[in-house]
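Below, each chain spelled out in residue letters.
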Amino acid sequence: MKSPAPNQYLISFYSSQAFEDMGEFWSAWRRRKLPSYLFLALCFNTLFAPAVLAATGGELDRLQVWALTLLGIATVCLSAYLFVVMFQPERF
Amino acid sequence: MESSNQFSSTPPRAPGGPRESRRHTPKADMSGLYQRAVKEAFIKLDPRITVKNPVMFIVWVGTIVTALVTFNPNLFGNVPDTGLNQQIFNGLITFILFFTLVFANFAEAVAEGRGKAQADSLRATRSDTVARKMLPDGSVQEVSSTDLRRGDQVKVIAGDMIPSDGDVIQGIGSVDESAITGESAPVLKQPGTDIASSVTGGTRLLSDELVIRITSDPGKGFIDRMIALVEGAERSKTPNEIALTVLLVVLTQVFLIVIATMSPLANYVQSPTTIAILIALLVALIPTTIGGLLSAIGIAGMDRVAQFNVIATSGRAVEACGDINTLVLDKTGTITLGNRLASQFIPINGYSEQAVAQAALAASVFDETPEGRSIVRLAEEMGATVDFDRNAAEGVEFSARTRMSGTNLPDGGEARKGAVDAVKGFVRSRGGTLSADLDAAYERVSRLGGTPLAVCRNSEVYGIIYLKDIVKPGLRERFDQLRRMGVRTIMLTGDNRITASVIAEEAGVDDFIAEATPEDKIDVIRREQAQGKLVAMTGDGTNDAPALAQANVGVAMNSGTQAAKEAANMVDLDSDPTKLIDLVAIGKQLLITRGALTTFSIANDIAKYFAIIPTIFAAAGIGSLNVMGLKSPQSAIISALIYNALIILALIPLALKGVEFRPLTANQLLQRNILIYGVGGVIAPFIAIKLIDLILPIS
Chain E
1 MKSPAPNQYL
11 ISFYSSQAFE
21 DMGEFWSAWR
31 RRKLPSYLFL
41 ALCFNTLFAP
51 AVLAATGGEL
61 DRLQVWALTL
71 LGIATVCLSA
81 YLFVVMFQPE
91 RF
Chain Z
1 MESSNQFSST
11 PPRAPGGPRE
21 SRRHTPKADM
31 SGLYQRAVKE
41 AFIKLDPRIT
51 VKNPVMFIVW
61 VGTIVTALVT
71 FNPNLFGNVP
81 DTGLNQQIFN
91 GLITFILFFT
101 LVFANFAEAV
111 AEGRGKAQAD
121 SLRATRSDTV
131 ARKMLPDGSV
141 QEVSSTDLRR
151 GDQVKVIAGD
161 MIPSDGDVIQ
171 GIGSVDESAI
181 TGESAPVLKQ
191 PGTDIASSVT
201 GGTRLLSDEL
211 VIRITSDPGK
221 GFIDRMIALV
231 EGAERSKTPN
241 EIALTVLLVV
251 LTQVFLIVIA
261 TMSPLANYVQ
271 SPTTIAILIA
281 LLVALIPTTI
291 GGLLSAIGIA
301 GMDRVAQFNV
311 IATSGRAVEA
321 CGDINTLVLD
331 KTGTITLGNR
341 LASQFIPING
351 YSEQAVAQAA
361 LAASVFDETP
371 EGRSIVRLAE
381 EMGATVDFDR
391 NAAEGVEFSA
401 RTRMSGTNLP
411 DGGEARKGAV
421 DAVKGFVRSR
431 GGTLSADLDA
441 AYERVSRLGG
451 TPLAVCRNSE
461 VYGIIYLKDI
471 VKPGLRERFD
481 QLRRMGVRTI
491 MLTGDNRITA
501 SVIAEEAGVD
511 DFIAEATPED
521 KIDVIRREQA
531 QGKLVAMTGD
541 GTNDAPALAQ
551 ANVGVAMNSG
561 TQAAKEAANM
571 VDLDSDPTKL
581 IDLVAIGKQL
591 LITRGALTTF
601 SIANDIAKYF
611 AIIPTIFAAA
621 GIGSLNVMGL
631 KSPQSAIISA
641 LIYNALIILA
651 LIPLALKGVE
661 FRPLTANQLL
671 QRNILIYGVG
681 GVIAPFIAIK
691 LIDLILPIS
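As given, the protein sequences belong to chains E and Z, one line each in that order. Here the first sequence is numbered in the working numbering, starting from 1 and rising by one per residue. Here the second sequence is numbered in the working numbering, starting from 1 and rising by one per residue.
Please keep in mind that the hints were generated in silico from the structure rather than gathered at the bench. Just so you know, even glycine gets a beta-carbon here, dropped at the ideal spot from N, CA and C. Hints may be right or wrong, so weigh each one.
Stretches of chain E that chain Z covers, calculated by requiring three or more beta carbons in the stretch to come under 8 angstroms of a beta carbon on chain Z [what the hints assert, rightly or not]:
| no. | region |
| --- | --- |
| 1 | 10-17 |
| 2 | 59-70 |
| 3 | 83-92 |
Computed beta-carbon distance windows for the label pairs [as the list claims (entries may be wrong)]:
| no. | chain 1 | residue 1 | chain 2 | residue 2 | range |
| --- | --- | --- | --- | --- | --- |
| 4 | Z | Pro264 | E | Gln17 | 39 to 49 angstroms |
| 5 | Z | Met30 | E | Lys33 | 17 to 27 angstroms |
| 6 | E | Phe25 | Z | Ile695 | 50 to 60 angstroms |
| 7 | Z | Asn667 | E | Phe44 | 48 to 58 angstroms |
| 8 | Z | Gly623 | E | Phe25 | 49 to 59 angstroms |
| 9 | Z | Asn667 | E | Lys33 | 29 to 39 angstroms |
| 10 | E | Met86 | Z | Val679 | 27 to 37 angstroms |
| 11 | E | Met86 | Z | Leu45 | 33 to 43 angstroms |
| 12 | E | Lys33 | Z | Val140 | 49 to 59 angstroms |
| 13 | Z | Arg484 | E | Phe44 | 39 to 49 angstroms |
| 14 | Z | Phe42 | E | Ala80 | 22 to 32 angstroms |
| 15 | Z | Val143 | E | Ser79 | 53 to 63 angstroms |
Please take these sequences and the hints and turn them into a complete structure.
Shown next, in the form of C-alpha cells:
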C-alpha cells in the first residue's frame, strides 16, 4: 500500500486541526461569552477599519481609525440591544 | 359568609382602632440605610447589573467613551482648538455622567434597602422553633419547624409559637398575632369555621391547646412570601413597568440614531462637534430621570402595600388595584358592623317608651353579647334603671331552641326578649294575650331593614326593640371617594330586598344584590368582566374561593380559610374587608407616580433642546434660539448635564413616597398632574439650567 504523499498528509492534518479548533471555539463560546465577543469585535474592526480609513480620506491615523470603527460597531450593538429590549422587554 | 345569628357568642375580632391609628407591620430598623445605599450604588455600576436598565446602560457606555476621550481627546479624530482645555472639559462630562449613574443606582438602592429592612424585621418574627409533630401512632415527636411539611399535624400548647401556617383541626385557643399584624388583642381560633380556623406561622398561642394541620412547606408560608415581596431582589417587572420600559427604549433608540447621524450634518453646517459633545447631547435627551427612578418607584409601591399589612403575590395584583372599575363587597362585617345594635324602643299595648326601656333593661342585664350590651346602653340613656337586686336574680342565656334570653326576677317574675314569634309563644304559655300592635310594629321594623326583638315581662308584651344594622362610620365618604375615582361599588347580602335597599341607601353604594347566594357572587363578577371591567372583591370563606379566583383583584382575610387565601392574589393580615379601598388608592398612586415622573422627564427635554442645540449649532443660524442666554456651548452642555444628574437626586423622595393621591375624577387628576408635572417639567429646567450656568466658572 502506498503511503500518502507528504503534502496530502499535511493538508489532511491541518484541516482536521482546523475542525478541532472550530469545535473548541464553539464550546468555549457557549461557556464564556465575553472573550468571544471581544474576539468578534476585533474581527469586525479589522473588517471595517479599512473602509473607515478610506472614508476619512487618510486624515486620521491608524489608532483613530480603529477607535472610530470600534465606536461605530459599539453604536450598532447598542442599537441592536435596544431593539431586543423593545421586542423582549420581559427578559430585562 | 352571611351570619344571621342574633346573639353571637364568639364575635369576630374587628380590626383594632380607627384606620389612621392602626399599627402596621413591625417598625423596620432604618439606621445605616443611606450608608449602605451609597455602597450599593457603586456596586450596581457592574455592567451585568446596569444592562438590565436600558436607559442607564446607554449612560454607562457613554461614560466609558467620554472617559477614553478624557485621556486622549483626539482618540476619535482631531479636535479643533477652541481655546478650552479639551481634557478638562471631557473629564467634567465624564464626572457628571458617572454621578448620573450613581444617583440612579442610589435611588434603587434606597428603595431596596427600605424593603430589606422591612424584610429583616419580618424575619426576626420567624425563628426556627421546636414543633410537636403528631405521628400516625398518636405519639408526639419534637422536630424543628423547618422539617415540617404540608399535611403534617402538630400540637401547640399555650406559650408556644405556632411553627408554620396551618388550619386548626382540634381545640380552641387565643392567638397573639401582633408579630405580624401589630394588633395586640388576641384572636380566638377554633376549627370548623370559615373565619377562625386559619393560623399563621410566627404567631403565639396564648391559651389552651390546638392541633394544627400544616398547610405550607418551609419557605412558602405567607410571611415568607411577604419577605420576598418587600425585599424586591427577585422582583419581576409588572405589565405597566414593561410597557413604560418599551416607551423609554423607543425614545432612546430614536435619539441614539439621531445622534449617531448628527456628525456629518454638523460638519455640513460648519459646526463640527466632538464625540464628547455628542454623547453629552445624547444623555441629556434620553429620559434618564424616569429611567433611573422607575425601579425605585415600583419597589416603593410594593413596600407601601406591605406597610398596610397586605401580602400581595405579585406587583401585577397591586397595579390591577389601581385600574379597578367595580368593587364587590359583602354587607355584614364589611359595610355594616358585624353585630346589630339597639336603635329604638317601640312601645305597644299602651305602654310608654320608658316602660319598654325598663323592661328591656331587666331582660338584658345579664346579657353579655354586643346586642345585649347595646340594649342596656340605650335603656340607660333613656333613664331606665335596674329595679331589683341583681344578686338575687338569675340570667337566662339565649338558646337556639327558645330563641330568647332574659332574667328570672327575685320576685318570681320573668323578663324575656327574643324573636317575636318565640315571645308570642312565651306570653301565651303564661296566659297572656297578644294585640295586633305587635305584628304592626314587627312589620314596620322589618321594612326599615332592622331586626325586631319583642320584650315581655311575665304575660305582658311591652314592645319591640329595633336592632339596627349599623353602617360602619366613614364608609359613605369612602364610597363617595371611590365614585369620584370612577369605581363602582356593589353590595351583596343574603338579607331581603327591603333590608338590603335601606342599608345600600345609607351606605351610599351604587348597587346591591339581595338574597344573594355564593353562586351569585361569581355571577356578578363574570357579568362585570364581560363588560370589560376590572373587578375586585374580598372574601374569607371557602365558598368565596371561586369568586376570589375569578376577580381581577381578590383580597382574602388572614382569618379566612386556606382555600380563600390560595385563591386570592392578596391577603389582608388585618382581616379588614374595607382594606380594598386603601389598596385601590395605593394602586392608583403607584400608576400616577410613574405617569407623573415620566411626564416630567419628557417635558424636561424641551428645555434641554433650547439649552444645548442653539449653542452647538450657532453657526447654522439658530443661535437666536438660545433663549436662556447661556454663556457658551461648553457651559450650556455642562449646565444641562448637571441638571440632568441633580434632578434624579432631587426626585428620589417623591419616587419613594409617591405622588400624593387625591380622590378626584380621571379628568381632574389628568389636568392637575399635567399642570404640575407637564408644565412644571417644561419650566423648571429653564430656570435651573440658567442658574447653574450663572454659577459655573466656565465661559
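Evaluated hints:
{"no.": "1", "hint": "10-17", "result": "violated (count 0)"}
{"no.": "2", "hint": "59-70", "result": "holds (count 6)"}
{"no.": "3", "hint": "83-92", "result": "holds (count 6)"}
{"no.": "4", "hint": "Z:Pro264 with E:Gln17: 39 to 49 angstroms", "result": "46 angstroms, holds"}
{"no.": "5", "hint": "Z:Met30 with E:Lys33: 17 to 27 angstroms", "result": "40 angstroms, violated"}
{"no.": "6", "hint": "E:Phe25 with Z:Ile695: 50 to 60 angstroms", "result": "56 angstroms, holds"}
{"no.": "7", "hint": "Z:Asn667 with E:Phe44: 48 to 58 angstroms", "result": "54 angstroms, holds"}
{"no.": "8", "hint": "Z:Gly623 with E:Phe25: 49 to 59 angstroms", "result": "55 angstroms, holds"}
{"no.": "9", "hint": "Z:Asn667 with E:Lys33: 29 to 39 angstroms", "result": "51 angstroms, violated"}
{"no.": "10", "hint": "E:Met86 with Z:Val679: 27 to 37 angstroms", "result": "30 angstroms, holds"}
{"no.": "11", "hint": "E:Met86 with Z:Leu45: 33 to 43 angstroms", "result": "25 angstroms, violated"}
{"no.": "12", "hint": "E:Lys33 with Z:Val140: 49 to 59 angstroms", "result": "55 angstroms, holds"}
{"no.": "13", "hint": "Z:Arg484 with E:Phe44: 39 to 49 angstroms", "result": "59 angstroms, violated"}
{"no.": "14", "hint": "Z:Phe42 with E:Ala80: 22 to 32 angstroms", "result": "28 angstroms, holds"}
{"no.": "15", "hint": "Z:Val143 with E:Ser79: 53 to 63 angstroms", "result": "58 angstroms, holds"}
Checked against the numbered hints above, the structure breaks hints 1, 5, 9, 11, 13 and satisfies the rest.
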